[in-house]
Amino acid sequence: MDAALFYLLGALALGSSIVVIAQPNPIRSALALIVTLCCLAGIFGLLGSPFIAALQVIVYAGAIMVLFLFVLMLLNVEPERGPGRSRQLTFAAVALAVALSAQLGSVLVRGDRGAGVEGFRAPSVDMARVLFSESFLYAFEAVAVLILAALVGAVVLAKRELP
Amino acid sequence: MTPFLEELAIAAVKVGAIIGLLLGLFSFMTWAERRLLALMQFRLGPNRTGPLGLLQPVADGIKLFFKEETIPEGAHRGLFLAAPVIAVVTAFTAIAVVPYGPTLELFGRQVPLQIASLDVGLLFIFAVTSLGVYSVVLAGYASNNKFGLLGGLRSSAQMFSYELTLGMSWVGVIMLAQSFQIADIVGAQAGGFWRWNLALQPLAAFTYFAAATAEVSRTPFDLTEAEQELVAGFHTEYSSMRFALLQMAEYVNIITVAVLAVNLFLGGWHFPFPGVPASPLWFALKVAAVLFVFIWLRGTLPRLRYDQLMAFGWKVLLPLVTLNILVTAALVQAGVL
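Top to bottom, those sequences are chains A and R.
So for the first sequence, the working numbering puts the first residue at 5; every next one is plus one.
So for the second sequence, the working numbering puts the first residue at 44; every next one is plus one.
I should point out that these hints are in silico values taken from the structure, not numbers from a laboratory.
Mixed in with the good hints there might be a few duds.
[Unchecked claim] On the chain R side, residues computed to face chain A include the following (Cβ under 10 Å):
| # | residue |
| --- | --- |
| 1 | LEU161 |
| 2 | VAL163 |
| 3 | ALA170 |
| 4 | LEU192 |
| 5 | LEU196 |
| 6 | SER199 |
| 7 | PHE203 |
| 8 | GLU206 |
| 9 | LEU219 |
| 10 | PHE223 |
| 11 | GLN351 |
[Unchecked claim] Here's a subset of chain R near chain A, in silico, CB distances under 8 Å, partners left out:
| # | residue |
| --- | --- |
| 12 | LEU79 |
| 13 | PHE169 |
| 14 | LEU174 |
[What the hints assert, rightly or not] Per label pair, the in silico range of CB-to-CB distance:
| # | chain 1 | residue 1 | chain 2 | residue 2 | range |
| --- | --- | --- | --- | --- | --- |
| 15 | A | PRO28 | R | GLN351 | 10 to 20 Å |
| 16 | R | LEU147 | A | VAL159 | 36 to 46 Å |
| 17 | R | PRO345 | A | ALA132 | 45 to 55 Å |
| 18 | R | LEU366 | A | LEU112 | 41 to 51 Å |
| 19 | A | VAL63 | R | ASP227 | 17 to 27 Å |
| 20 | R | LEU369 | A | VAL63 | 20 to 30 Å |
| 21 | A | VAL63 | R | LEU147 | 52 to 62 Å |
Ideal Cβ placement from N, Cα and C applies to all residues, glycine included.
With the hints as constraints, model all of the structure from the sequences given.
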């Protein structure tokens, strides 16, 4: 039952996150992102951490995304038309994506495969302890840097002309 | 019957009973609100259909059911149709974890008067109600109507501003009960009205009530559907049963907010004085009183201006509720409360 729900939520989360980046209409992207976040919350719930699940929905789906939608609707953002892609950037993006996948893959290969969905039932505190432990710390921090890079990228894209 | 099936049957009966009760209360609320408002304004209100006009909601329901459903040209069809569904689903889900009375003993087994008991009960309600905002935003956006869009934008800004205060008003209560479970919070208030959180957390009770009124867009915070300027706000373009669904969600949300007010601040199902056994009857009476206050406010207060609404939320309520949390934390740490 848990495994079935996990695969269902996982598939939904993956599918909707593909819609987020593939969809030219920003409002639809935002709506798909809300679905992704709710699915992630469900997965947190399955992992035996209702507290993080509730926080995920409250903070991301319920607060941040409302603000996103609000701004999108206020500015009436038009659907994006395909900009000219530079070859160098495409190459760099593919290289970085491969590097990231390799890194995440290495974590999966090295990680404890015994800890499946059913195996991992611990309160939030224990989960945080595992996450910040030696084996996951670097991967965890790398993801944090990735998010920061995305943030910087968004600022650069939005500002266009830097002084 | 296996224990699993038994549990399932009990849950199904409870869900059915609660939904039936809520639908009944919703239609009764529409009638009571119109009659009471009329009395406050020296009118009679709907009094023709059935005794005292009590069958008016039934007539309204039948009328709405047979109306043509229109979808405006240029509307975003999928979202337009989905918005009322989101509204109803979130409204009913939120109320699923709220207890209505002490645990009863029926046919030799303990039956809690609650559909689902979650460890993070209050957080769950907060999460689900914060998703309810989308119905309003999407309904406004999808209708392709400027009044709808303005209403949707206003309500998202309003709900966003008051949600924070709403959640933070619970923190003091949670600290006193040391639990997110509503049943525990009610249990901590047993033994007379001076043990109620209304007496122990008066500031939080005030901020909760103000924020909750804003969250369900009731007067004086009903800018989202200010009929003089926005026709009907986000549901301008809705007709027939989808309009009825939006109305239903709105009233169920009001009931949720009232039920929470009773559970968190008014002692839940406990009688105001010790010695009288706890009962769902006291709970129902208190909920009725809170619902009456909502109608009373609507008959009394004028609507706030938009800047007043924002200033009140951010500059008055939020500092007050923050102060309340700090003081409560200090008192709990010092062992006074």
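Checked hints:
Given hint, R/LEU161 at the interface with chain A, holds; its Cβ is 7 Å from that chain's nearest Cβ, closer than 10 Å. A distance limit of 10 Å between C-beta atoms decides the matter here; for R/VAL163 the minimum to chain A is near 5 Å, and the interface restraint holds. For the restraint placing R/ALA170 at the interface with chain A, the shortest Cβ-Cβ distance is roughly 4 Å, inside the 10 Å limit, so the hint holds. Restraint check, R/LEU192 versus chain A: the minimum CB separation of about 7 Å is within 10 Å; hint holds.
A hinted interface residue such as R/LEU196 counts as satisfied when its beta carbon comes closer than 10 Å to some beta carbon of chain A; here the least separation is about 6 Å, so the hint holds. Contact between R/SER199 and chain A, as hinted, is supported at the beta carbon level, the nearest pair being about 5 Å apart and thus within 10 Å. Hint status for R/PHE203: holds, given a least beta-carbon distance of 6 Å to chain A, under 10 Å. For the restraint placing R/GLU206 at the interface with chain A, the shortest Cβ-Cβ distance is roughly 7 Å, inside the 10 Å limit, so the hint holds.
Because the beta carbon of R/LEU219 sits about 19 Å from the nearest beta carbon in chain A, more than 10 Å, this interface hint is broken. The beta carbon of R/PHE223 comes within 8 Å of a beta carbon in chain A, closer than 10 Å, and the hint placing it at the interface holds. This hint is violated: R/GLN351 has a C-beta 20 Å from the nearest C-beta of chain A, more than the 10 Å allowed. Contact between R/LEU79 and chain A, as hinted, is not supported at the beta carbon level, the nearest pair being about 33 Å apart and thus beyond 8 Å.
At a threshold of 8 Å, the smallest CB-CB gap from R/PHE169 to chain A is about 6 Å, leaving the interface hint in force. Because the smallest distance between the Cβ of R/LEU174 and any Cβ of chain A comes to about 6 Å, under 8 Å, the interface hint for this residue holds. The beta-carbon spacing between A/PRO28 and R/GLN351, approximately 40 Å, falls outside the hinted interval of 10 to 20 Å. Hint check: R/LEU147 to A/VAL159, Cβ distance near 58 Å, so the stated range 36 to 46 Å is violated.
The hinted window of 45 to 55 Å between R/PRO345 and A/ALA132 holds, with their beta carbons roughly 49 Å apart. A beta carbon spacing of about 48 Å between R/LEU366 and A/LEU112 agrees with the range 41 to 51 Å that was offered as a hint. The beta-carbon spacing between A/VAL63 and R/ASP227, approximately 24 Å, falls within the hinted interval of 17 to 27 Å. The beta-carbon spacing between R/LEU369 and A/VAL63, approximately 22 Å, falls within the hinted interval of 20 to 30 Å.
A hinted range of 52 to 62 Å for the beta carbons of A/VAL63 and R/LEU147 is inconsistent with their spacing of about 37 Å.
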